[in-house]
Amino acid sequence: MLGKALSKPQKRNVYLKLLVREFYDLGVNSFGLVLFTSFFVGAVVAIQMFNNFSASSFPIPNSFIGYATKVVLILEFSPTIISVILAGKVGSYIASSIGTMRVTEQIDALDIMGVNSPNFLILPKIVASVIFNPLLIAISIVVGIWGGYVAGIATGNWTKADYITGIQMYMPSYFIWYAFLKTAVFAFLIATIPAYFGYNVKGGSLEVGRASTQAVVWTMISVIIMDLLLTQMLLS
Amino acid sequence: MIEVKDLRKSFNDVEVLKGISTTFDTGKVNLVIGQSGSGKTVFLKCLLNVYEPSSGGILFDGRDIVRMSREEKQALRAEIGTVFQGSALFDSMTVEENISFPLDMFTNLTYREKKRKVLEVIGRVNLQNANKKFPSEISGGMQKRVAIARAIVNNPKYLFCDEPNSGLDPYTSNVIDDLLLEITKEYNTTTIINTHDMNSVMTIGEKILYLRLGIKEWEGNKDILATAKNKNLLDFVYSSELFKQLREFMLENEQTSLTHHNKPENNETEDSRIQNKKSNENE
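Same order as they appear, the protein sequences are chains A and B.
Taken in order, the first sequence gives residues 1 to 236; the numbers are from the numbering used here.
Taken in order, the second sequence gives residues 1 to 283; the numbers are from the numbering used here.
With the rest of the complex left out, here is chain B (with noise of 0.2 Å):
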């Protein structure tokens, strides 16, 4: 569990966080929404401690990061994962590598046991025939799920992820999503991710917390979303027509969150989506 306190941050006499209180819990997605400026980014290097809040505590089931020492904050930071909107792989190195990095700089396991703790997670991210291959020779999509695995392969306790589906195609973000999810669920992780996928707010949003200048305006969940009375909120989430739409059918009909979307039929993987387009492509 993440606990924030009155999280303030100012950058030149500019206050960019405004005093934030919440709590995120263990096993749960949570989500931090906001328009652009909002201070999401800001908000999660405070909690990453890649930025030194003004005033205020994060608490890490307990341990304040702010007032650690050089050394615990350095053990803190084996306990946690983070996948960067850019995904931010070392490009000098293979797949396998850099998934194989954290085990290489904070364990001693042999290397069969790394070797083998790699390929778990390569499996679990469905990433079997891109071992050996560079960053740079892969798709968007699957350097993500590269930068997930990484992640989750010192089994951490806590994961961030900052816009986990920025400049992805709507079907690859719902594998990210529902890997996400799923990873929360099966490793216990406090994870919070920093998105502006409303899809994402609506399928996986265990708790949502929406910032609108540097305030936290809203939190909740997606089962209590569409019921909201915050209408900046409601102007932001279902700012499309589509969504509009979406929300009123789903008043109309009493339903109040999506509880299912879009999985890949016959566990299609995306490698296997890919080759297919490129095979109807060519004929």
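Looking at chain A on its own, in the form it has when it is part of the complex (with noise of 0.2 Å):
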């Protein structure tokens, strides 16, 4: 299915207005959940850095709660937690789209007519989502850092230059190599996974449903392992 779903499209035209209406769906769609979640997850890092050094048997600088919730937002949080999140949201979004259209007959439809369904199906959501995640990652990782800017204005518990020094310190750039290369492969999973689901379905809407909520549990196991794997490849 994977190989039929990654060949040529039949038709330029038609591949390119789905693919619009996959950015659309899949990553514009997603802006506000990643922003909102993003935020906040961002000011409690902060907020937890602190506390932690505040305990901390010898003396940190403020100014690295700033470096640190920097790092953690772009080694982790971002790219890992965000997918999780987008794997349930999205995920479950492509298995029951297309697990819809095969219980109404839509994809025998396309069959009959003679169009390569999984390519037709399916690319357009891979490449939405390769491309679509790793912009929703970096929109992540700004707002997270800005969510912590916010947490120490509102607490008090560290002042703006101390952090915004913190976020200035140096970082490995291929940090940031990582966290997007990382964040293709999740979105590469995020829409294969679910759509082989939605795919396969048999049966009538309790199907469905059924199809749906295993595509999420799959793909996020899949997210969290991959993590591990890419983790030991490229940073150990």
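No false leads were mixed into what you were given.
Sample of chain B residues lacking proximity to chain A, with all beta carbon distances greater than 10 Å (derived):
(1) Lys5
(2) Arg63
(3) Asp64
(4) Glu96
(5) Glu113
(6) Gly123
(7) Asn126
(8) Gln128
(9) Leu179
(10) Glu182
(11) Glu186
(12) Ile224
(13) Ser240
(14) Leu242
(15) Leu251
Interface residues of chain B toward chain A, partial, derived using beta-carbon atoms under 10 Å:
(16) Asn49
(17) Val50
(18) Lys73
(19) Arg77
(20) Ala78
(21) Ile80
(22) Thr82
(23) Phe84
(24) Phe90
(25) Met105
(26) Phe106
(27) Ala147
(28) Asp162
Hint data in this document are derived by calculation from the structure and do not stem from the laboratory.
What you are looking at is a predicted structure, and each value in this text was computed from that prediction instead of being measured.
Even for Gly, the Cβ is constructed at its ideal location relative to N, Cα and C.
Got two chains here, separate frames each, mind docking them using the hints?
Dropping the structure here:
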């Protein structure tokens, strides 16, 4: 199925139209959730850094709160946790939309017309996710860091200057590449695993619901396992 | 013309189709009837090559779909129009986009040419006011007409319909039957319809194939249906008291078939009928 899905589109114009729609459905529609989650988690991470550093037996400068928040967001929170959240939101959408097309014979209609249905349905979702998710993650990193900044102002625990100094501290540039590479791999999993479950649904609406749940669970598990493998391969 | 030669299909050692041979002529409405579980849907899906037959041949004007290469099948499929039981319209597309879909995928027509063809078939199935609506916003009968429009927009040589009247009221069923008959004559298609609707059988069945337990039990047409000797066929077709009485009446009057059925008066469309009904309810 993946081989068929990744083959050359039959009609470029139709494919581009579908791709634009998937950018909107999978990417643009996830902006709100990503912004909201990133802002609050950024704030929480910064507050927890402050609490841990305060409780430390040796003094840690407050500027390290900004640095630690930035690194945590770039290395783990934004690529992995946001991808897990997207696996829930986007994964269930992909599985249920393709599953519904299966049980209402829309996929049969495509096949009988001579359309390569996996390619028609799945390839635009893969491409849209792999292109758009890194953008969402970049936004998530920026908004998360801003969340930590706002938390400092709101609590008065650290100064703006300390936080900004921490953010400006040196960090290896490959951390960024690592984050985006992970995100692209996760995006591929988020598009393909739910598509597989949706495409192979048999039965009615109940089975579509079940497939959607299974798709989300397996996508999350795959993302977390892949996170471990990529971290070991790229950062060790 | 579609020729079926000794078609057999088994699922896990259970033989569903047991050697069916028949011919469906061009320009005729061919009906496949039979009880639930008789193998009608499997038969239709074998013809469409959704299911690979266990043995036998299916010849589309001499071209055997069972032995074709993938590319040849793809080319043949562009000549086939299909109307599914549940219409199978694409939810995310408007009526116009649904109808235009085969043209978008399989032709290199310009936008204007496609638009002209789409509007032509929309007019043909009386859906002028529904162009921009989504399938969920229109009635079941209108959805069926959109499915028919999508099936015929690319001028298919073969038209397959799986229970096009299911879930429709008798009036709308008649509208759909009329439409399918007219389209078959107008486009000279080989039309094959799976149906449970006895009204369709008696009015548009130019060829009728009766399947029972995976076997071709009887074949003929609406004109010889009432005088058929096959008991299983008669029990199936004339199962209701009304149809039994109708048959007796026809035999008494030496009438073999119903040549006309009620058409909408004053060319009233289904949309206007629904509109009138709503107005009456409001009053």
